[in-house]
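Chemist: Just so you know, the working numbering puts 25 at position 25 of the sequence shown, and the rest follows in order with no gaps.
Among these hints, one or two may not hold up.
Unchecked claim - In silico SDA-like links for lysine to any residue, alpha-carbon gap of 20 Å or less:
{"id": "1", "residue 1": "K223", "residue 2": "A210"}
{"id": "2", "residue 1": "K176", "residue 2": "S16"}
{"id": "3", "residue 1": "K197", "residue 2": "V186"}
{"id": "4", "residue 1": "K88", "residue 2": "I51"}
{"id": "5", "residue 1": "K15", "residue 2": "L129"}
Unchecked claim - Derived Cβ-Cβ restraints for the label pairs, each shown as a range:
{"id": "6", "residue 1": "E145", "residue 2": "L182", "range": "36 to 42 Å"}
{"id": "7", "residue 1": "E144", "residue 2": "E206", "range": "18 to 24 Å"}
{"id": "8", "residue 1": "L240", "residue 2": "V92", "range": "21 to 27 Å"}
{"id": "9", "residue 1": "E145", "residue 2": "N99", "range": "30 to 36 Å"}
{"id": "10", "residue 1": "P105", "residue 2": "C180", "range": "28 to 34 Å"}
Hints listed in this document are in silico derivations from the structure and should not be mistaken for laboratory results. Note that CB positions come from ideal geometry on N, CA and C, so glycine has one too.
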Amino acid sequence: MEERNGIIQSLYDRKSVRVFEDRLIGEEEKREILGAAMQAPTAGNQQLYTILDITDDGLKRQLSVTCDNQPFIAQAPMVLVFCADVQKWYDVFVEGGANPRSPGPGDLLLAASDACIAAQNAVTAAWSLGIGSCYIGDIMERCEEHREILNLPDYVFPAAMLVFGYPTQQQKEREKPARCRLEDIVQENRYERKSGKQLRDMFQKEWKSAGFTQWCRRFCERKYNSDFSREMSRSVGVYLRKFSRENS
Numbered sequence: 001m002e003e004r005n006g007i008i009q010s011l012y013d014r015k016s017v018r019v020f021e022d023r024l025i026g027e028e029e030k031r032e033i034l035g036a037a038m039q040a041p042t043a044g045n046q047q048l049y050t051i052l053d054i055t056d057d058g059l060k061r062q063l064s065v066t067c068d069n070q071p072f073i074a075q076a077p078m079v080l081v082f083c084a085d086v087q088k089w090y091d092v093f094v095e096g097g098a099n100p101r102s103p104g105p106g107d108l109l110l111a112a113s114d115a116c117i118a119a120q121n122a123v124t125a126a127w128s129l130g131i132g133s134c135y136i137g138d139i140m141e142r143c144e145e146h147r148e149i150l151n152l153p154d155y156v157f158p159a160a161m162l163v164f165g166y167p168t169q170q171q172k173e174r175e176k177p178a179r180c181r182l183e184d185i186v187q188e189n190r191y192e193r194k195s196g197k198q199l200r201d202m203f204q205k206e207w208k209s210a211g212f213t214q215w216c217r218r219f220c221e222r223k224y225n226s227d228f229s230r231e232m233s234r235s236v237g238v239y240l241r242k243f244s245r246e247n248s
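Could you build the full structure based on these sequences and the hints that come with them?
Modeler: What follows is the structure, encoded as structure tokens:
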């Protein structure tokens with residue numbers, strides 16, 4: 001196979017970074033990352049997101065606690081929250097004398113897509129500058145607290161949080177977890193549920209040492225059945241109800 005071009009190779013190389021050098025990210029680099037995020041594809045060029053740049057150390061510490069007690073969040077040189085923002089367009093329509101309907105679930109999902117696409121642009125741009133990052137899905141939990149500390153109005157949802165920093169040597173050398181094979185993920189034209197054997201083969205890299213049943217049960221309890229996963233579902237339900245109530 002021919003050598004990959006630089007952009008594609010960087011996508012293969014990029015991995016999550018949770019330990020950072022004691023080194024600030026310069027304003028020029030930050031602006032490059034934020035600017036690249038804003039060049040992301042967006043529905044109808046609406047940019048249905050707002051990016052919160054968390055510079056207050058006290059707020060970082062709060063988020064490190066509310067987001068599943070992860071101290072590295074507070075230690076990260078740069079923390080960004082990508083909010084799915086339907087509120088600003090609703091407010092624009094009201095300001096312009098239009099008669100907008102109440103935002104619905106489709107608006108939320110479209111805005112969340114916009115926000116996450118922008119977030120991934122930021123991740124890729126940062127990696128090209130030698131800056132690592134890690135997604136923090138826990139920002140979707142504890143809706144009531146995060147709404148208060150981030151001052152989020154009704155039609156804004158924190159779709160993704162990212163922490164950034166220069167990776168330590170250990171993090172640079174850490175092996176990136178293997179991904180599934182292409183044929184395990186890509187299907188042609190129509191979705192087909194996998195057989196038991198296909199599922200076992202798909203995740204063999206994960207369960208090979210422990211055995212499928214033991215690995216599956218442990219992983220289910222650690223992730224899918226975990227307290228944080230249940231809280232995330234509860235919290236997202238609270239956000240979603242606001243987008244559903246006026247449209248029922």
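Chemist: Which constraints among the numbered hints does this structure fail? Numbers only, ascending.
Modeler: 7
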